[in-house]
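Peer 1: One line per chain: the protein sequences are G and U, in this order.
Just so we're aligned, residue 1 is where the first sequence starts under my numbering, counting upward by one.
Just so we're aligned, residue 1 is where the second sequence starts under my numbering, counting upward by one.
Don't take each hint at face value.
[Unchecked claim] Computed list of lysine-lysine pairs in DSS-like fashion (alpha-carbon distance at most 27 Å, straight line):
1. U:K97 <-> G:K4
2. G:K79 <-> U:K229
3. U:K229 <-> G:K10
[As the list claims (entries may be wrong)] The calculated label-pair distances, taken between Cβ atoms and stated as ranges, are:
4. U:V37 <-> G:R97: 55 to 63 Å
5. G:G92 <-> U:V107: 39 to 47 Å
6. U:K125 <-> G:K79: 30 to 38 Å
7. U:E286 <-> G:R97: 21 to 29 Å
8. G:N63 <-> U:E211: 25 to 33 Å
9. G:E75 <-> U:R36: 35 to 43 Å
10. G:R6 <-> U:S67: 32 to 40 Å
Calculated directly from the structure, the hints in this document are not laboratory data.
This structure is a prediction, so every number in the text was calculated from the model and none was measured.
Think of the CB as a built atom: it goes at the ideal place given N, C-alpha and C, for glycine as much as any other residue.
In case you want the letters, here they are:
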Amino acid sequence: MGVKVRALMKSPWVFHVSAGSCNNCDIEILDCLCPRFDIERFGAILVGSIRHADALLVTGAMNRKSARRVRQLYEQAAKPCLVIAIGACALGQGIFRDSYSMVQPLDEVLPPGAVTVYVPGCPPRPEAMIMGVVKALNQLVPAKQPVEAKKEQADE
Amino acid sequence: MNIFEALLAFLVFPGFVFMVIVGMLISWVDRKVTARVQFRVGPPLLQPLYDFLKLMGKETVMPRGASRLAFFGAPLIGLAGAVFVGTMVGVAMFLGKGFGGDVIVAVYMLVLPSLAVIMGGIASKNPLASVGASREMKLIVGYELPFMLALAVPVIQSGGRLQLAALLQYQAEHGSFATTLSGLVALVIAILCTQAKMAVVPFDQAEAETEVMGGALIEYSGPALAMYKLTKILMFYAVPMFVVTLLWGGFGDLSAVGIILGVLKYLVLVVLITLIRNTNPRVRIEHAVAFFWTWVSIPALAAVVLAAVGL
Chain G
1 MGVKVRALMK SPWVFHVSAG SCNNCDIEIL DCLCPRFDIE RFGAILVGSI RHADALLVTG
61 AMNRKSARRV RQLYEQAAKP CLVIAIGACA LGQGIFRDSY SMVQPLDEVL PPGAVTVYVP
121 GCPPRPEAMI MGVVKALNQL VPAKQPVEAK KEQADE
Chain U
1 MNIFEALLAF LVFPGFVFMV IVGMLISWVD RKVTARVQFR VGPPLLQPLY DFLKLMGKET
61 VMPRGASRLA FFGAPLIGLA GAVFVGTMVG VAMFLGKGFG GDVIVAVYML VLPSLAVIMG
121 GIASKNPLAS VGASREMKLI VGYELPFMLA LAVPVIQSGG RLQLAALLQY QAEHGSFATT
181 LSGLVALVIA ILCTQAKMAV VPFDQAEAET EVMGGALIEY SGPALAMYKL TKILMFYAVP
241 MFVVTLLWGG FGDLSAVGII LGVLKYLVLV VLITLIRNTN PRVRIEHAVA FFWTWVSIPA
301 LAAVVLAAVG L
């Protein structure tokens, strides 16, 4: 594991993208920064500018107005940048699925493979979000197991 | 001091390498104290190093239409200014050397990091960055006057000595300036100005995350942002150390007691700045300027007068 990846895993700065959510997920994200969960223990801080971000926490159900802007934000971010979809709405538009103003779910608006981790829940608990970030960071490590698993499959 | 020694002093001790180590430790102390004030656990010891290494490995984005030279030159200018001040203070304190008038040069160099923020903000061609840059300008106009008045106090008291090492010598003979009335007032004023110089709350309007989304630094990413963060870390060493040296006796005679006391003074100053930043909200820019021009400048002027009559 290179220094780059190691340092990124130790200091993931998060940027909060609210794509038209009902604010519940947003409040739970702020909970992560508060004394009870304190994600600064893992080096994560909330940044104000998209250019400083290492992980986008996207909440909300992506309506016609916000979809384009979320895509723009993703393009503006300095790579490598993880995207973490938070809450039922960001995953699959939730209860707003049949609404007139909905376009596509998040992972179809962003380039394929951009969304690293999905955290379900309405709203998800802060523990679940922290677990999501940890999973997303673990995906940065050059994967050993999947390759081996594939080999095994091929052998079979 | 020949050119080789000077380069060694600038790059290794007491310059760049030494400053980075101390600065990273002290910025961890700052974050840890902040966390403890808020009943949090706080980041691990090596967090500033991780942040720096991570930023060095990220992509650099330059906005279209930005001036390349100013956009990438500004962070380096700020960094050079911070290293220069730290080196001068360190050379005076640890080696007892310097040149005539280095106090004045240090004051000039201390403006460079703020100037870099202004330059980078304007060069990045972003409206929010311009707002941040203009706020930084106003803030400089606000705090420079009382800061210079506060620094005039030790110069007047020592009978016109303008050399850091000579001022330290004077303090070793006559006791630190902070023990006199005018020196004490000057120290308090210098602490307030330090707060603004290092751009920490309540005077971080230029980089306010909640208002202008990172302000002057909004467009910076990757290594260029790392340079700004490093400058900030170095300023955490340079500015409080400058104030301790000039007004509070520095490390004294470099005996064991003197060094322990000096480190303690420095830590007290840094923790005080951290506590001020944790117990105050960000003020509006016009309030900050008004604050510095009235509640800080008038006592600073009084301190100068007191120093002139010998108190």
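Peer 1: Against each hint, give a clear statement of whether it holds in the structure.
Peer 2: Hint by hint, here is what the structure shows:
Restraint check: the Cα-Cα separation between U:K97 and G:K4 comes to about 40 Å, which exceeds 27 Å; the hinted pair is violated. With a C-alpha separation of about 19 Å, the suggested pairing of G:K79 with U:K229 holds against the 27 Å cut-off. Annotation: proposed proximity of U:K229 to G:K10 holds, straight-line Cα distance about 17 Å (limit 27 Å). Restraint check, U:V37 to G:R97: a C-beta distance of roughly 44 Å breaks the suggested window 55 to 63 Å.
The beta-carbon spacing between G:G92 and U:V107, approximately 60 Å, falls outside the hinted interval of 39 to 47 Å. At about 21 Å, the CB distance of U:K125 to G:K79 disagrees with the hint of 30 to 38 Å. Separation of U:E286 from G:R97 is about 49 Å and departs from the stated range, judged on CB atoms against 21 to 29 Å. Taken as a hint, the range 25 to 33 Å holds for the pair G:N63 and U:E211, whose Cβ atoms sit roughly 26 Å apart.
Look at G:E75 against U:R36: about 39 Å separates their beta carbons, and that is inside 35 to 43 Å. Separation of G:R6 from U:S67 is about 34 Å and conforms to the stated range, judged on CB atoms against 32 to 40 Å.
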